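2 protein chains.
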Amino acid sequence: MAQLFHPSREDITLAGVLAALADPMRLRIVKSLMQQNDCMSCTEAAPCPGMAKSTLSNHFRILREAGLIQTSKKGVEHRNVVREADLNARFPKLLKTILGYAE
Amino acid sequence: MAQLFHPSREDITLAGVLAALADPMRLRIVKSLMQQNDCMSCTEAAPCPGMAKSTLSNHFRILREAGLIQTSKKGVEHRNVVREADLNARFPKLLKTILGYAE
Numbered sequence: 053m054a055q056l057f058h059p060s061r062e063d064i065t066l067a068g069v070l071a072a073l074a075d076p077m078r079l080r081i082v083k084s085l086m087q088q089n090d091c092m093s094c095t096e097a098a099p100c101p102g103m104a105k106s107t108l109s110n111h112f113r114i115l116r117e118a119g120l121i122q123t124s125k126k127g128v129e130h131r132n133v134v135r136e137a138d139l140n141a142r143f144p145k146l147l148k149t150i151l152g153y154a155e
Numbered sequence: 053m054a055q056l057f058h059p060s061r062e063d064i065t066l067a068g069v070l071a072a073l074a075d076p077m078r079l080r081i082v083k084s085l086m087q088q089n090d091c092m093s094c095t096e097a098a099p100c101p102g103m104a105k106s107t108l109s110n111h112f113r114i115l116r117e118a119g120l121i122q123t124s125k126k127g128v129e130h131r132n133v134v135r136e137a138d139l140n141a142r143f144p145k146l147l148k149t150i151l152g153y154a155e
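Each protein sequence line maps, in turn, to chains P and Z.
53 is the number of the first residue of the first sequence in this note's numbering; add one for each residue after it.
53 is the number of the first residue of the second sequence in this note's numbering; add one for each residue after it.
Treat the hints as calculated values from the structure; they're not laboratory data.
It should be emphasised that the depicted structure is a prediction, and the values quoted were computed from it without experimental measurement.
One thing to keep in mind: the hints can contain errors.
You can't tell identical chains apart in this list, so a pair holds if it fits in one copy or across any two.
[Stated by the list, open to error] Here are the simulated lysine-lysine pairs, DSSO-like style, with alpha carbons at most 30 Å apart:
| hint | residue 1 | residue 2 |
| --- | --- | --- |
| 1 | K148 | K105 |
| 2 | K83 | K145 |
| 3 | K105 | K125 |
| 4 | K105 | K83 |
| 5 | K148 | K83 |
| 6 | K145 | K125 |
| 7 | K126 | K83 |
| 8 | K148 | K125 |
| 9 | K83 | K125 |
For reference, chain P alone in the conformation it holds in the complex (with noise of 0.2 Å):
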């Protein structure tokens, strides 16, 4: 499998964090994975069930390239989590603002 990409926690930019979230379902995506304690799934993070895997792996795939989520493999599962130290330490309040408004 190829390596995920992940920029570093420098190379994270406003415009690109905001173009991340500027997507009703990326928006949830990111809410539902902040409100849990433990990484979660892709599917388990779907915003709403039927949703095609590709578009699934679509909008994790732009919220990784963003620095939004860090994703790990675990067996056959990608497994995500919010990036919140890397994007307090850039952005402080930033996430937490926009997500307090998110649906």
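Since the structure of chain P is already known, use the hints to place chain Z on it.
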């Protein structure tokens, strides 16, 4: 001239605002408009002097259609102002938090 489209306050969405601001040039335009007391023409608010007029118009259109700015016609010019009251009513502190991190 065709009427310029502006969404009503209640039609301004979080994802729409984030998408409109998910671009370094548009972040600069909004920041520069916020720093003025008066409204500005598109050229005055341009993030870089050499930017093509069509590129600039496109950025202003995206901002206007997402509810970020109000554009009015004054003679041959378009005058622009940030819809602070509407944005703060819909998403208190969101704009301030985001612009605080814009260059």
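Open item on the list: If the cut is 30 Å between Cα atoms, do K126 and K83 qualify within a copy, between copies, both or neither?
Closed with: within (22 Å within a copy, 43 Å between copies)
Task: Alpha-carbon proximity context of K145 and K125, limit 30 Å - done: Intra 29 Å, inter 37 Å, cutoff 30 Å: intra-copy only.
Open item on the list: One pair to classify: K105 and K125, alpha carbons no more than 30 Å apart. Within, between, both, or neither?
Closed with: Classified as within: same-chain Cα gap 17 Å, cross-chain 47 Å, threshold 30 Å.
Task: Intra/inter-copy verdict for K148 and K105 if alpha-carbon distance must be at most 30 Å - done: Answer is within; shortest intra-copy Cα gap is 28 Å, inter-copy 36 Å.
Task: Homo-oligomer pair classification [K125, K148; C-alpha up to 30 Å] - done: within (27 Å within a copy, 37 Å between copies)
Open item on the list: At most 30 Å between CA atoms: does that hold for K83 and K145 within a copy, between copies, both, or neither?
Closed with: Close inside one copy (14 Å) and across copies (19 Å); limit 30 Å.
- [ ] Using 30 Å as the alpha carbon limit, work out where K83 and K125 are close: within a copy, between copies, both or neither.
- [x] within (21 Å within a copy, 41 Å between copies)
- [ ] Evaluate K105 and K83 at a C-alpha cut-off of 30 Å and name the case that applies: within, between, both or neither.
- [x] Answer is within; shortest intra-copy Cα gap is 19 Å, inter-copy 39 Å.
Open item on the list: One pair to classify: K148 and K83, alpha carbons no more than 30 Å apart. Within, between, both, or neither?
Closed with: both (10 Å within a copy, 21 Å between copies)
Hint compliance for this structure: every hint is met.
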